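Novice: All chains should be built: construct the whole structure from the sequences, respecting the hints.
If you want the building blocks of each chain, they are given just below.
There are 2 protein chains.
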Amino acid sequence: MNKICELFKIKYPIIQAGMVWTSGWRLAAAVSKSGGLGLIGAGSMYPDILREHIQKCKKATDKSFGVNVPLFYPKLEEIMSIIIEEKVPIVFTSAGSPKLWTASLKKKNIKVVHVVSSVKFASKSQDAGVDAIVAEGFEAGGHNGREETTTFTLIPMVKAAITLPLIAAGGIATGGAMLAAAALGADGVQVGSRFVASDEASCHPSFKDEVVKAVEGSTVLTLKEITPVRMLKNSFFQKIAALYEKGVDVEELKTTLGRGRAKKGMFEGDLDEGELEIGQIAGLINEVIPAAQIIDNLIEEYDQALKNLKSY
Amino acid sequence: MNKICELFKIKYPIIQAGMVWTSGWRLAAAVSKSGGLGLIGAGSMYPDILREHIQKCKKATDKSFGVNVPLFYPKLEEIMSIIIEEKVPIVFTSAGSPKLWTASLKKKNIKVVHVVSSVKFASKSQDAGVDAIVAEGFEAGGHNGREETTTFTLIPMVKAAITLPLIAAGGIATGGAMLAAAALGADGVQVGSRFVASDEASCHPSFKDEVVKAVEGSTVLTLKEITPVRMLKNSFFQKIAALYEKGVDVEELKTTLGRGRAKKGMFEGDLDEGELEIGQIAGLINEVIPAAQIIDNLIEEYDQALKNLKSY
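First to last, the sequence lines map onto chains A and B. Using this note's numbering, read the first sequence as starting at 1 and increasing by one per residue. Using this note's numbering, read the second sequence as starting at 1 and increasing by one per residue.
Because the hints were derived from the structure by calculation, they are not lab data. There's no promise every hint is true.
A pair holds if it fits inside one copy or across any two, identical chains being indistinguishable in the list.
[Unchecked claim] The calculated DSS-like cross-link candidates involving lysine-lysine, where the alpha carbons are at most 27 Å apart (straight line), are:
1) K87 x K107
2) K224 x K254
3) K3 x K33
4) K213 x K124
5) K63 x K310
6) K307 x K124
7) K124 x K233
8) K75 x K124
It should be emphasised that the depicted structure is a prediction, and the values quoted were computed from it without experimental measurement.
Specialist: Below, the structure is given as structure tokens:
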């Protein structure tokens with residue numbers, strides 16, 4: 001897994017996903033200090049808030065860190081200017097065309113990684129000149145692709161299509177899964193849900209508790225007609241499900257979704273009316289622990305799982 | 001992966017999935033002769049045809065083989081009588097309650113394995129006294145569960161819930177994926193789609209060619225309101241998709257599905273009007289080869305992938 005460590009100048013090829021309402025400077029700095037790569041999630045931050053988080057992260061650690069920017073962000077120019085001004089060394093882009101920003105960021109010596117959920121967009125990202133690709137499976141939490149291709153099948157198919165360093169995402173919360181991703185051809189992993197249930201995550205404690213309580217089958221990928229998103233099946237989801245029962249009416253879905261659902265759920269802790277974005281692997285997450293311990297566990301479990309594998 | 005080899009008295013913990021219109025005695029015998037466990041798929045056979053396949057398989061090899069029986073089969077009593085009379089050593093049951101047949105089959109010294117797609121049914125199967133469990137992820141072809149839990153997340157969650165030998169299914173067509181399944185805690189693998197594109201599979205050559213042509217995104221899990229099934233997105237699927245656009249009407253779906261769609265597609269080779277059941281990993285399958293070569297490739301790729309893994 002050296003390619004990813006070399007690219008980002010980190011000890012372990014573990015990237016903490018940039019997650020709305022969850023990954024501020026505290027989480028990103030804790031991960032980077034522990035040998036992984038922490039990402040600040042710009043998707044839920046006003047520009048001045050993002051600048052504050054970047055500055056605090058730089059003060060907290062001299063290790064590499066990055067910012068994740070969803071490309072549908074309304075104030076994208078302003079966000080990118082701040083990232084360049086503050087000399088953030090690494091940017092992960094998602095939810096948009098990799099052609100949009102890759103060249104201009106790379107001119108500023110910023111490493112650019114694009115998140116994809118299909119082979120087609122992996123190839124497009126490589127053509128656009130990114131430094132690495134995150135391939136994210138159907139099981140991942142939050143916003144996701146339409147093809148429903150799972151981590152287990154997406155990773156080897158993307159690997160066969162590109163030559164760039166490849167980061168696997170979706171379903172990875174243990175060292176065993178990190179080893180499995182490596183066996184499928186990934187050079188590193190991006191871990192989301194596991195870091196939601198960390199001490200340093202900025203999301204609401206009640207949301208973290210819900211993640212810990214989740215079991216197999218607790219999440220669903222829905223709202224494909226607007227933007228596909230995986231979330232816990234709470235009361236808000238039941239309202240969405242009832243609309244689907246009647247047949248798909250996009251306008252009605254949009255009205256019911258309304259605005260600020262993710263903030264309400266994940267940041268304000270409204271477990272009934274909020275949108276609680278999390279991956280399928282929440283079913284395997286049983287406690288809220290410090291980010292440093294998550295990294296330690298991943299490495300220890302990885303080494304143990306590797307020792308258990310036998311050749312023929 | 002010794003538990004599975006011991007249980008079935010086989011060399012490699014590779015099970016060839018029992019697949020309708022595809023896995024007759026030729027495929028099952030070829031896999032068993034090559035060191036794996038071949039399964040005859042009873043789901044598409046009249047009782048007398050199944051007996052013929054079992055007898056031919058016994059003549060073709062003295063190695064272990066089994067029969068896969070979907071428990072919604074209309075002539076289930078008759079099928080099970082034949083299996084017992086013909087002294088089939090191993091039965092895989094699916095699509096029904098593991099309580100129904102496990103005890104009576106085990107009394108006849110038959111090893112019983114149940115296929116599940118959720119942690120809940122894995123636990124129920126263990127309680128029912130089965131010898132091993134197949135946990136099949138969302139990416140698998142053919143009939144599937146409703147929870148949409150992927151192989152990458154299902155395997156470790158089932159592993160944490162049961163003590164029985166565990167067979168991973170869904171998305172496994174290479175030795176790298178077999179290694180990944182082991183890293184996630186599986187004791188063996190069940191391989192379906194890869195064996196569809198084998199010389200010995202009894203499905204139509206045109207269907208095998210479609211599997212070879214498939215790319216990432218070519219399949220979809222649909223018909224959840226009847227019985228969830230993953231298939232290629234052909235003309236028949238487009239008709240189903242058009243019905244969904246209008247809103248869910250189960251009777252209309254059933255009428256459009258009609259009877260014999262799977263036979264029409266997979267056995268008769270009607271690529272437009274037939275149901276072409278296959279897994280997401282079809283996107284990685286590029287040629288029709290003998291079953292023995294598939295087994296050899298799986299083991300060779302597994303060992304190579306294992307050598308490439310490094311510890312921290």
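Novice: Against this structure, judge whether each hint is valid.
Specialist: So, going through the hints one by one against the coordinates:
1. K87 x K107: within (12 Å within a copy, 71 Å between copies)
2. K224 x K254: both (11 Å within a copy, 24 Å between copies)
3. K3 x K33: within (20 Å within a copy, 41 Å between copies)
4. K213 x K124: between (39 Å within a copy, 21 Å between copies)
5. K63 x K310: between (36 Å within a copy, 24 Å between copies)
6. K307 x K124: neither (37 Å within a copy, 31 Å between copies)
7. K124 x K233: Cα proximity of K124 and K233: across copies only (23 Å, versus 34 Å in one copy).
8. K75 x K124: Only inside one copy: K75 and K124 sit 24 Å apart there, 52 Å across copies, limit 27 Å.
Of the numbered hints given earlier, the model fails hint 6 alone.
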